[in-house]
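So the sequence lines, in the order shown, correspond to chains A and B.
For the first sequence, the tail end lands on 331 under our numbering, and the numbers increase by one without skipping.
For the second sequence, the tail end lands on 113 under our numbering, and the numbers increase by one without skipping.
Among the clues, some could well be false.
Straight-line Cα separation of at most 20 Å, EDC-like style, residue types lysine to aspartate or glutamate; simulated pairs [what the hints assert, rightly or not]:
#1 B/LYS59 <-> A/GLU319
#2 A/LYS259 <-> B/GLU11
#3 B/LYS44 <-> A/GLU243
#4 A/LYS260 <-> B/GLU11
#5 B/LYS100 <-> A/GLU277
#6 B/LYS44 <-> A/ASP257
#7 A/LYS260 <-> B/ASP84
#8 A/LYS228 <-> B/GLU47
#9 A/LYS228 <-> B/ASP41
#10 B/LYS61 <-> A/GLU319
#11 A/LYS290 <-> A/ASP249
#12 A/LYS255 <-> B/GLU47
#13 A/LYS259 <-> B/ASP41
#14 A/LYS263 <-> B/ASP41
#15 B/LYS108 <-> B/GLU72
#16 B/LYS44 <-> B/GLU83
#17 B/LYS105 <-> A/ASP257
#18 B/LYS100 <-> A/ASP257
#19 B/LYS100 <-> A/GLU319
#20 B/LYS105 <-> B/GLU11
#21 B/LYS105 <-> A/GLU277
It should be emphasised that the hints constitute simulated quantities derived from the structure, not laboratory data.
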Amino acid sequence: DTAVSQTPKYLVTQMGNDKSIKCEQNLGHDTMYWYKQDSKKFLKIMFSYNNKELIINETVPNRFSPKSPDKAHLNLHINSLELGDSAVYFCASSQGAAPEAFFGQGTRLTVV
Amino acid sequence: EDQVTQSPEALRLQEGESSSLNCSYTVSGLRGLFWYRQDPGKGPEFLFTLYSAGEEKEKERLKATLTKKESFLHITAPKPEDSATYLCAVRLGGGSEKLVFGKGTKLTVNP
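Using the sequences provided together with the hints, build the complete structure.
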């Protein structure tokens, strides 16, 4: 059983398009995150939700909008995609502020 | 500004050749330092958490240590399957709970 699953794994799209990445966790965790890993492999947090409430919102363009329909899901919607949005996006979950966060396999987004 | 720096960026070892990876940090209100392992095309996998200076954690060939300014990940007699990128992260205090990651050390162990 996959603990944190993301779809799709690969996403190639044109500039200006709107796309979504889905994330689901079956660990019963109450906190979920979105991270961005750029071409230099630098992993940086974007958002964090606890029990469907936004608790961390880093300096991310308004084109990125997370949505948490329930505790087990945290989706990422991106409007008007730009070339600089190309990266690997990771979803993760943890139980509260527990140190052990479980990461998904990542979604490689390529904007052309 | 809170910062996490890992060195070296890349490290090549022969099988059995022990070494250490470094993670230095300048953060206020540290609430834990974490080590993760990341294999190509996969998400980071949690290894260790350290909370206070002098603390040590071990897992198989890996041992993590912490001082007030840095952490070391010691790899004893590594095997090719230890090849991966090792990421260090710190959790900030002040209610933010966010993890700040270093850029990682890419370790290659040759047979």
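Hint check results:
1. B/LYS59 <-> A/GLU319: The hint holds at about 14 Å.
2. A/LYS259 <-> B/GLU11: holds (11 Å)
3. B/LYS44 <-> A/GLU243: Distance of about 16 Å is within 20 Å: holds.
4. A/LYS260 <-> B/GLU11: holds (11 Å)
5. B/LYS100 <-> A/GLU277: holds (10 Å)
6. B/LYS44 <-> A/ASP257: holds (14 Å)
7. A/LYS260 <-> B/ASP84: holds (19 Å)
8. A/LYS228 <-> B/GLU47: holds (18 Å)
9. A/LYS228 <-> B/ASP41: holds (16 Å)
10. B/LYS61 <-> A/GLU319: Holds, at roughly 15 Å.
11. A/LYS290 <-> A/ASP249: Holds - the C-alpha atoms of A/ASP249 and A/LYS290 are around 6 Å apart, at most 20 Å.
12. A/LYS255 <-> B/GLU47: holds (16 Å)
13. A/LYS259 <-> B/ASP41: With a Cα-Cα distance of about 15 Å, the restraint between A/LYS259 and B/ASP41 holds, given a limit of 20 Å.
14. A/LYS263 <-> B/ASP41: holds (17 Å)
15. B/LYS108 <-> B/GLU72: holds (18 Å)
16. B/LYS44 <-> B/GLU83: Satisfied, since the Cα-Cα distance of roughly 15 Å is no more than 20 Å.
17. B/LYS105 <-> A/ASP257: Status holds; Cα separation ~10 Å.
18. B/LYS100 <-> A/ASP257: holds (18 Å)
19. B/LYS100 <-> A/GLU319: holds (13 Å)
20. B/LYS105 <-> B/GLU11: Within the cut-off at roughly 8 Å; holds.
21. B/LYS105 <-> A/GLU277: This hinted pair holds, its Cα atoms lying about 18 Å apart.
Comparing the model with each numbered hint stated earlier shows that all of them hold.
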